[in-house]
Amino acid sequence: MSGTVEVLRAGALTTVQDLGRPGWAHLGVPRSGALDPAALRLANRLVGNVEPAAGLEITLTGCELRPTRATTVAVVGAEADVRIGHRPGDTGRPLAVPGGAVLRIGPARRGLRCWLAVAGGIAVPQVLGSRSTDTLAGIGPAPLRDGDLLPLGTPTGPPAPVDVTVPGPLPTDLRLTVRLGPRHDWFTPAAVDLLLGTAYQVSPLSNRVGARLSGAPLPRAVAGELPSEGLVLGAVQVPADGQPLVFLADHPTTGGYPVIAVVDDVTPLAQARPGTTVRFHGPQR
Amino acid sequence: MRIRPVGRHALLLDLAPAEATDPAGPSRRETDVAADVEAWRAELWRRRELGELSAVEIVPAAATVLLDGVPDPPATAARIATWTATALPADTVAAEPTATPGRLVEIPVTYNGDDLPRVADRWRTDVPGVVRRLRHTEFQVAFCGFAPGFGYLTGLPAELAVPRLATPRTRVPAGSVALAGRYAGIYPTASPGGWLLVGRTELTLFDTTADPPALLSPGTRVRLVDR
Numbered sequence: 001m002s003g004t005v006e007v008l009r010a011g012a013l014t015t016v017q018d019l020g021r022p023g024w025a026h027l028g029v030p031r032s033g034a035l036d037p038a039a040l041r042l043a044n045r046l047v048g049n050v051e052p053a054a055g056l057e058i059t060l061t062g063c064e065l066r067p068t069r070a071t072t073v074a075v076v077g078a079e080a081d082v083r084i085g086h087r088p089g090d091t092g093r094p095l096a097v098p099g100g101a102v103l104r105i106g107p108a109r110r111g112l113r114c115w116l117a118v119a120g121g122i123a124v125p126q127v128l129g130s131r132s133t134d135t136l137a138g139i140g141p142a143p144l145r146d147g148d149l150l151p152l153g154t155p156t157g158p159p160a161p162v163d164v165t166v167p168g169p170l171p172t173d174l175r176l177t178v179r180l181g182p183r184h185d186w187f188t189p190a191a192v193d194l195l196l197g198t199a200y201q202v203s204p205l206s207n208r209v210g211a212r213l214s215g216a217p218l219p220r221a222v223a224g225e226l227p228s229e230g231l232v233l234g235a236v237q238v239p240a241d242g243q244p245l246v247f248l249a250d251h252p253t254t255g256g257y258p259v260i261a262v263v264d265d266v267t268p269l270a271q272a273r274p275g276t277t278v279r280f281h282g283p284q285r
Numbered sequence: 001m002r003i004r005p006v007g008r009h010a011l012l013l014d015l016a017p018a019e020a021t022d023p024a025g026p027s028r029r030e031t032d033v034a035a036d037v038e039a040w041r042a043e044l045w046r047r048r049e050l051g052e053l054s055a056v057e058i059v060p061a062a063a064t065v066l067l068d069g070v071p072d073p074p075a076t077a078a079r080i081a082t083w084t085a086t087a088l089p090a091d092t093v094a095a096e097p098t099a100t101p102g103r104l105v106e107i108p109v110t111y112n113g114d115d116l117p118r119v120a121d122r123w124r125t126d127v128p129g130v131v132r133r134l135r136h137t138e139f140q141v142a143f144c145g146f147a148p149g150f151g152y153l154t155g156l157p158a159e160l161a162v163p164r165l166a167t168p169r170t171r172v173p174a175g176s177v178a179l180a181g182r183y184a185g186i187y188p189t190a191s192p193g194g195w196l197l198v199g200r201t202e203l204t205l206f207d208t209t210a211d212p213p214a215l216l217s218p219g220t221r222v223r224l225v226d227r
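Just so you know, the sequences run in chain order A and B.
What the first sequence shows, in this note's numbering, is residues 1 to 285, in sequence order.
What the second sequence shows, in this note's numbering, is residues 1 to 227, in sequence order.
With the rest of the complex left out, here is chain A (with noise of 0.2 Å):
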């Protein structure tokens, strides 16, 4: 009952990632998974898996791909034309694909990044207790090349009986509930006004690593380097150039340079085309 699907054309980064592979960050391991969990998560209940099953994160320009057997899909995230041979489907609803039928997921009109989950979940082999590609660190299946054959697991269930589901917001302006530290001592009390006071632009460096952000850099109070230290998921670190830089899920285990605050919530970063602006306030009191 399981299955393969094949890669027709992979498009500009589509990757493997489930919800990641915590614990291991003291070993230098990366967190790594969706860069929207809720998606995925969605996505797998749509289709009958489990929440945590592996499904694909396609990145922009879309991708292309063909089932050996008959399957449920769902897509959900950016907006995008679903296709299965030449009858339209929708996002963020179950979608029945026959064997051998091509499913094409266009590229993203707004927004950046779509999950797809197949029923069953894809089944790459899982490394360190998770199937996602981790782009830092080189762990888990590499991104998808076109050609590639993935396996596919046993369905677990019947498909949600659902006819729609009520998309995510796209927004082009984001704003970003951030708490201060734990290094903000490290920069001068106007940098604070100017993180929490200006807006930034989403650079084009921006990855699955981390969103760059470009716009007024932020002076530091205390010269020199940090010692390294641990990082979490939203921290917003400065490097010398003064531009902050928000990490995302394959963001590195330890830096060195100050993080000033952290993103309660990254995940609208996921789907932050570059130049989209950022704003981010502090707490409401």
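Worth flagging that the hints you see were computed from the coordinates, not collected in a lab.
C-beta: ideal position from N, C-alpha, C; glycine also.
Wrong hints could be hidden among the right ones.
[Claimed, not checked] On the chain A side, residues computed to face chain B include the following (Cβ under 10 Å):
no.: 1; residue: 38
no.: 2; residue: 138
no.: 3; residue: 255
[To be verified] Quick look at which bits of chain B chain A covers, simulated, 3 or more residues with Cβ under 8 Å:
no.: 4; region: 53 to 60
no.: 5; region: 114 to 122
no.: 6; region: 135 to 146
no.: 7; region: 157 to 163
no.: 8; region: 168 to 179
[As the list claims (entries may be wrong)] Pair ranges (Cβ atoms, derived):
no.: 9; chain 1: B; residue 1: 132; chain 2: A; residue 2: 12; range: 36 to 42 Å
no.: 10; chain 1: B; residue 1: 168; chain 2: A; residue 2: 214; range: 24 to 30 Å
no.: 11; chain 1: A; residue 1: 214; chain 2: B; residue 2: 78; range: 47 to 53 Å
no.: 12; chain 1: A; residue 1: 197; chain 2: B; residue 2: 18; range: 49 to 55 Å
no.: 13; chain 1: B; residue 1: 194; chain 2: A; residue 2: 193; range: 33 to 39 Å
no.: 14; chain 1: A; residue 1: 217; chain 2: B; residue 2: 133; range: 40 to 46 Å
no.: 15; chain 1: B; residue 1: 106; chain 2: A; residue 2: 214; range: 47 to 53 Å
no.: 16; chain 1: B; residue 1: 82; chain 2: A; residue 2: 274; range: 47 to 53 Å
no.: 17; chain 1: B; residue 1: 2; chain 2: A; residue 2: 162; range: 25 to 31 Å
no.: 18; chain 1: A; residue 1: 12; chain 2: B; residue 2: 106; range: 42 to 48 Å
no.: 19; chain 1: A; residue 1: 8; chain 2: B; residue 2: 165; range: 43 to 49 Å
no.: 20; chain 1: A; residue 1: 106; chain 2: B; residue 2: 165; range: 44 to 50 Å
no.: 21; chain 1: A; residue 1: 68; chain 2: B; residue 2: 82; range: 57 to 63 Å
We have chain A; now place chain B onto it with these hints.
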């Protein structure tokens, strides 16, 4: 010890001295900080094993220990503030260690690194003098980072710290044994790198199919023996 908040789910134990004015001098201080980090790492690990601490990650580093995936950071911080972690005195072997000493790993090294003369210069000795020193030092993994399985090894005194290369090499082979600052390290995989190369080992440092996957994990004691 100071506990710094880190977002909604994490805490950073900062073990650096509050003020940089220490009559004992910088070398003494750095050794103490590394010992404190190791003591807290071991203590927090132990408390987690006992179920007294809930944290997904316990990540030691140069002067800090990060706890990530903590359900209630303020309450956890308040509890940690009542705990103590006793560092083993630096440069002594305790008869009754308060924390379980790390396992000892012997790593066979061929001392043929391109930067041995540079290190010898810096250490005011010759190449055999450098090799002798490295061979007779008991190192300990202070923390991992940079790449999976890359351990930062402490054990060399602060006065033997060496600077990184001004221009990093574009490719350092896997198994390269190298020095930077007051740390020694072994590259688990080939990568660019600016550490000074002193030798090479054939051992596999990181293997995702092994249990544990990293030969060197925080707390592990290490000897760089002759191959």
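So, going through the hints one by one against the coordinates:
At about 16 Å, the closest approach between the beta carbon of residue 38 (chain A) and any beta carbon in chain B exceeds 10 Å, and the interface hint on this residue is violated. At a threshold of 10 Å, the smallest CB-CB gap from residue 138 (chain A) to chain B is about 8 Å, leaving the interface hint in force. Checking residue 255 (chain A) against chain B by beta carbon gives a least distance of about 8 Å; that is within 10 Å, so the hint holds. Counting residues of the region 53 to 60 of chain B whose beta-carbon sits less than 8 Å from any beta-carbon of chain A gives 5, enough to reach three: the coverage restraint holds.
Counting residues of the region 114 to 122 of chain B whose C-beta lies closer than 8 Å to any C-beta of chain A gives 0; at least three are required, and the coverage claim is violated. For the region 135 to 146 of chain B, the proposed coverage by chain A is satisfied: 4 residues have a C-beta within less than 8 Å of a C-beta in that chain, meeting the threshold of three. Only residues whose beta carbon comes within less than 8 Å of a beta carbon in chain A count, and the region 157 to 163 of chain B has 0; fewer than three means the coverage is violated. Remark: the region 168 to 179 of chain B is not confirmed as covered by chain A, as 0 of its residues place a Cβ nearer than 8 Å to a Cβ of that chain, below the required three.
Taking the beta carbon of each, residue 132 (chain B) and residue 12 (chain A) are about 53 Å apart, not inside 36 to 42 Å as hinted. Under the hint 24 to 30 Å, the C-beta atoms of residue 168 (chain B) and residue 214 (chain A), about 26 Å apart, fit the expected range. A beta carbon spacing of about 40 Å between residue 214 (chain A) and residue 78 (chain B) contradicts the range 47 to 53 Å that was offered as a hint. At roughly 30 Å, the beta-carbon separation of residue 197 (chain A) and residue 18 (chain B) lies outside the given 49 to 55 Å, and the hint is violated.
A beta carbon spacing of about 36 Å between residue 194 (chain B) and residue 193 (chain A) agrees with the range 33 to 39 Å that was offered as a hint. At about 43 Å, the beta-carbon gap between residue 217 (chain A) and residue 133 (chain B) stays in the expected band of 40 to 46 Å. The supplied range of 47 to 53 Å is met by residue 106 (chain B) and residue 214 (chain A), whose beta-carbon atoms lie about 49 Å from each other. As the Cβ distance of residue 82 (chain B) to residue 274 (chain A) is approximately 48 Å, the hint placing it in 47 to 53 Å holds.
With their beta carbons about 50 Å apart, residue 2 (chain B) and residue 162 (chain A) fall outside the hinted range of 25 to 31 Å. For residue 12 (chain A) paired with residue 106 (chain B), a C-beta distance near 46 Å keeps the hint of 42 to 48 Å intact. Taking 43 to 49 Å as the suggested C-beta distance range, the pair residue 8 (chain A) and residue 165 (chain B) conforms, at roughly 46 Å. Between residue 106 (chain A) and residue 165 (chain B), the C-beta spacing of about 47 Å keeps the proposed range 44 to 50 Å intact.
In this structure, residue 68 (chain A) and residue 82 (chain B) meet the distance hint of 57 to 63 Å, their C-beta atoms being roughly 60 Å apart.
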